[in-house]
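Visitor: Chains as they are written, first to last, in the working numbering: chain V, 1223 to 1539; chain S, 32 to 252.
Keep in mind that the hints were calculated from the coordinates and are not lab data. Misleading hints may appear alongside valid ones.
[Stated by the list, open to error] From chain V, some residues computed to sit far from chain S (all C-beta separations above 10 Å):
hint	residue
1	Thr1295
2	Trp1328
3	Gly1367
4	Val1392
5	Asp1417
6	Gly1434
7	Asp1512
8	Asp1520
9	Arg1538
[Claimed, not checked] One side of the interface only, derived from the structure: several residues of chain S facing chain V at Cβ under 10 Å:
hint	residue
10	Arg163
11	Leu165
12	Arg167
13	Pro171
14	Ile172
15	Val174
16	Thr245
17	Pro246
18	Trp247
19	Ala248
Yeah, the Cβ is synthetic: ideal placement off N, Cα and C, and Gly gets one too.
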Amino acid sequence: MITFDGVTKRYADGTVAVDDLSLEVPNGAITVFVGPSGCGKTTSLRMINRMIDPTEGRILLDGKDVTTVDPATLRRGIGYVIQQAGLFPHRRIVDNIATVPFLLGWDKKKARDRAMELLERVGLDPKMARRYPFQLSGGQQQRVGVARALAADPPVLLMDEPFSAVDPIVRTSLQEELLRLQSELHKTIVFVTHDIDEAVKLGDTVAVLRVGGKLAQVAAPADLLSDPADDFVREFLGRDRGIRRLGFVPAKNLALDPAPEGVTPEGHGTFNPARDSLRAALDASLLSPDGLAVAVDDDGRVLGVVGQAALVGAARG
Amino acid sequence: MDEPLVRWDWIARNWDNGGPTSVKVLLENHIVMAFVPVVVGLLIAIPLGLACARYRWLYQPTVGIMNVVYSLPSLALFSILLSVTGLTQTTVIIPLTLFSLAVLIPAVVDGMQSVPDHVRQSAVAMGFQPMRRLTRVELPIAVPVVLAGLRVAAVSSISLVSVGALIGQGGLGYLFIDGWQRQFYTPIVVGIVLVVALALIADLVIIVAQRLLTPWARRRA
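Put together the whole structure using the sequences plus the hints.
Guide: This is how it looks when you write it as structure tokens:
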């Protein structure tokens, strides 16, 4: 657990980057810091691994004030991923990934074996190991960045706008990759972004910060969308909050009607109640000429149908 | 005049005639007086350049001083040094070292600035301590830019040594004075060819070294 206890960062010129931030980052979950530029989200992140030290207040990592720990030692125990990946251009991919194990004095072979394992884990071809960073695409570099952060198996991962510099399709795949990794690894992740959609997609908890470094709201994404604390948060969340919130309501509780004669997945929108959200089910219904969303299982067998009235009822529900 | 531009028999007789002005001896002296300033210059430029990159306020004054030094005629510097170091190679080597600094210090500073900020930041965040970050991350990344400066320094040093002939320590430069005084072109041509060849070889050696040292550098257009 990471605890922010009345943390303020004030610079010599009087600028306040973070203003009296108190917050708990739970273990094994993704906490997203989101807000417009100048809201102090990156500053807050960097105070965790002492890239910046707070002016007032304390940051506790598992109960221990981070400012009492030697910075280099602290940082080797905390994974860090940044926007342009920050790979070392003069080192091969395998050695980039093994950076922290090397710093920790691991045996070379053990460090490289670990790096190869991670290379595959983040979905990259082992053939890339011998390449240099400039030979990789932006998305591949970012995967290497994630692998490097995980190399020494740190319990905590700090991610500073890691997916902001890649195109939307690559970004989506990186986000899904992160969620998949997290479902296996259960790291304590602090993720900074200015993109609210990314925040609600990735966060177990979302902390919205406003300009001047003040915490506006901390909530689970669905709660954030349904109950924004104030106008700032409401405006920051943007339009279509109602629809987007449905993305967090599972479709598995929908009551299905038996499929009428002749209703097949062809020509209808479909959804999978076992894994999809209410939003997907509503979308499926809107795509069907007769308004019926067809529920299918993993093998594509029709389980039943649900009509728009039932969907709207469930959405209110 | 049916005097040929190059008299091969002169070259054959004077290449290695055992005297202090045989072409071979002059060439060797030339190499020493050109090479030492660049190596010494690099050894001085690295710490000074690092200091300038670290403490920005040092940079402008340092470059200013170096540019003033660079603008001094080499002959003037030789004359001043004559009273201290006499008619020795040192009298040539010291000014050339100063000249090479004028090129190499900015090269080291530019090299350090060529390290992308996100790379430096991530090195800090991975837990590199400052010294290790410098030697393992920043300096290696600065190498291509420093070597580009080294090419300029090496070539200009090779060409500048010749001026030392005016105080009797000019390596191949002696051939120019000799040829001019005697209105005899062969030594001049030999001197030019060897100086140019030396410059090309030095440049090539550095280019090859760069290829070997920095296989990671993006191939430049």
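Visitor: If a hint holds in the structure, say so; if it doesn't, say that too.
Guide: These are the hints, each one checked on the structure:
| no. | hint | in the structure |
| --- | --- | --- |
| 1 | Thr1295 | violated, 7 Å |
| 2 | Trp1328 | holds, 13 Å |
| 3 | Gly1367 | violated, 8 Å |
| 4 | Val1392 | holds, 18 Å |
| 5 | Asp1417 | holds, 19 Å |
| 6 | Gly1434 | holds, 24 Å |
| 7 | Asp1512 | holds, 53 Å |
| 8 | Asp1520 | holds, 41 Å |
| 9 | Arg1538 | holds, 46 Å |
| 10 | Arg163 | holds, 8 Å |
| 11 | Leu165 | violated, 13 Å |
| 12 | Arg167 | holds, 9 Å |
| 13 | Pro171 | holds, 5 Å |
| 14 | Ile172 | holds, 6 Å |
| 15 | Val174 | holds, 8 Å |
| 16 | Thr245 | holds, 7 Å |
| 17 | Pro246 | holds, 7 Å |
| 18 | Trp247 | holds, 4 Å |
| 19 | Ala248 | holds, 8 Å |
When the structure is compared with the earlier hints, violations turn up for hints 1, 3 and 11 and for no others.
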